[in-house]
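So the sequences go chain by chain: A and B. Sequential numbering from 253 applies to the first sequence in the working numbering. Sequential numbering from -10 applies to the second sequence in the working numbering.
Since the hints were derived computationally from the structure, they do not count as laboratory data. Heads up, the beta-carbon is just placed ideally off N, CA and C, and yes, glycines get one too. A hint or two may mislead.
As the list claims (entries may be wrong) - Derived list of chain B stretches under chain A, where covered just means 3 residues or more per stretch with a C-beta under 8 Å from a C-beta of chain A:
1) 99 to 113
2) 128 to 139
As the list claims (entries may be wrong) - In silico contact screen, one side only, chain B against chain A (beta carbon under 8 Å); selected entries:
3) A8
4) R10
5) C25
6) L151
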Amino acid sequence: MKVTEMTRDELLNWLDAHGADLSRWPIEQRGEAERLIAADAGARDDVQAAARLDAMLARFAGPGTEDERSAARILTKLNGPLPRQKQPFWRLPAALLDWQFAPAWPRVAALAGCALVGFSIGIAGVDRSLATPDAQIASRDIGTMVFGPDLFAETRP
Amino acid sequence: MDDTDEALMARVAKGDQGAFRLLARRHLPAMVGLACRILGNAAEAEDVAQEAMLRVWTHAPKWQPLAAFKTWLTRIVVNLCLDRKRKTPLLDLDSVGEVADSAPGAREQVESAEREQMLAAAIQQLPDRQRSAILLTYSEGLSNAEVAGILETSVSAVETLLVRGKQNLRRALGGLIDEGD
Chain A
253 MKVTEMTRDE LLNWLDAHGA DLSRWPIEQR GEAERLIAAD AGARDDVQAA
303 ARLDAMLARF AGPGTEDERS AARILTKLNG PLPRQKQPFW RLPAALLDWQ
353 FAPAWPRVAA LAGCALVGFS IGIAGVDRSL ATPDAQIASR DIGTMVFGPD
403 LFAETRP
Chain B
-10 MDDTDEALMA RVAKGDQGAF RLLARRHLPA MVGLACRILG NAAEAEDVAQ
40 EAMLRVWTHA PKWQPLAAFK TWLTRIVVNL CLDRKRKTPL LDLDSVGEVA
90 DSAPGAREQV ESAEREQMLA AAIQQLPDRQ RSAILLTYSE GLSNAEVAGI
140 LETSVSAVET LLVRGKQNLR RALGGLIDEG D
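Starting from the given sequences, assemble the full structure and let the hints guide the process.
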């Protein structure tokens, strides 16, 4: 198996990309880096310098006591009323099914009842006012006016 | 009762305010800390962290557990921070003032605080995405793949951001890194 060599420049890049803790590196590059570090004192210095920068950044970025205080202040604000949640459209049918119709039932039933009575009267022909001679003439006139004949058909070019 | 982040989010999606506050208590310190280090401003960081949590609440019914909750929340915080950074001017490295000696005779503490302040200023000078990559790596201990997920980019792009970010830091800090032992 061919063993590839890592240069110091490559080591520096890998140290910056993955940190000085070689256990976090990809296995292949870790082996190459370990061989270079064992053979080159300058490479060992590079690793130590990278470790110092890592430690500095970890101290800076780590949790601070002020973070807890800020979090406590935000939590106090969040204890108040929260805004309305946004419902996705695929939950709309479920939301409608969950709707509480109970208080409106009497009105809905009354409306449906009226509609049913009106429909039944129309179908049964109970309304006798349409059976009078005047109403029949009027309904025929309306039909003539709407559907023809065309009174001006012969006068047109 | 199952109180993993994902189980709590399922309850939050149904409007459970108790579950929401439990989630907030669990994640707010880390999120406000991350926001503070990205923005370099504690008051703005509080605003961002609060806005992020409110977004969690309002968008919870739409949330799909495709990624870990913390990854999603961190992405919201980072994006809000980057939006704010775009609207505010950069801090000038030369504007970093002297640190007041709060503990008389504690010269080491003052020097340490000065180093911290120089580092903070140098980090603030970094381009937004380099700064975010470095802070996500070191504050949360995330792998490069996890950072890539949050920044919505590739792992190799994160590695490039880290390499360039650290090169810029070394340039800005000079020998300060070696004094930090």
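Okay, the hints, checked on the actual structure:
1. Look at the region 99 to 113 of chain B against chain A: 5 of its residues bring a Cβ nearer than 8 Å to a Cβ of that chain, three or more, so the hint holds.
2. With 3 residues having a beta carbon nearer than 8 Å to a beta carbon of chain A, the region 128 to 139 of chain B meets the requirement of three or more and the stated coverage holds.
3. Interface restraint check: A8 (chain B) against chain A, minimum CB-CB distance 12 Å, threshold 8 Å, status violated.
4. Interface hint at R10 (chain B): satisfied, since its Cβ lies 6 Å from the closest Cβ of chain A, which is below the 8 Å cut-off.
5. Interface restraint check for C25 (chain B): the shortest CB-CB distance to chain A comes to about 7 Å, inside 8 Å, so the restraint holds.
6. Because the beta carbon of L151 (chain B) sits about 5 Å from the nearest beta carbon in chain A, less than 8 Å, this interface hint is met.
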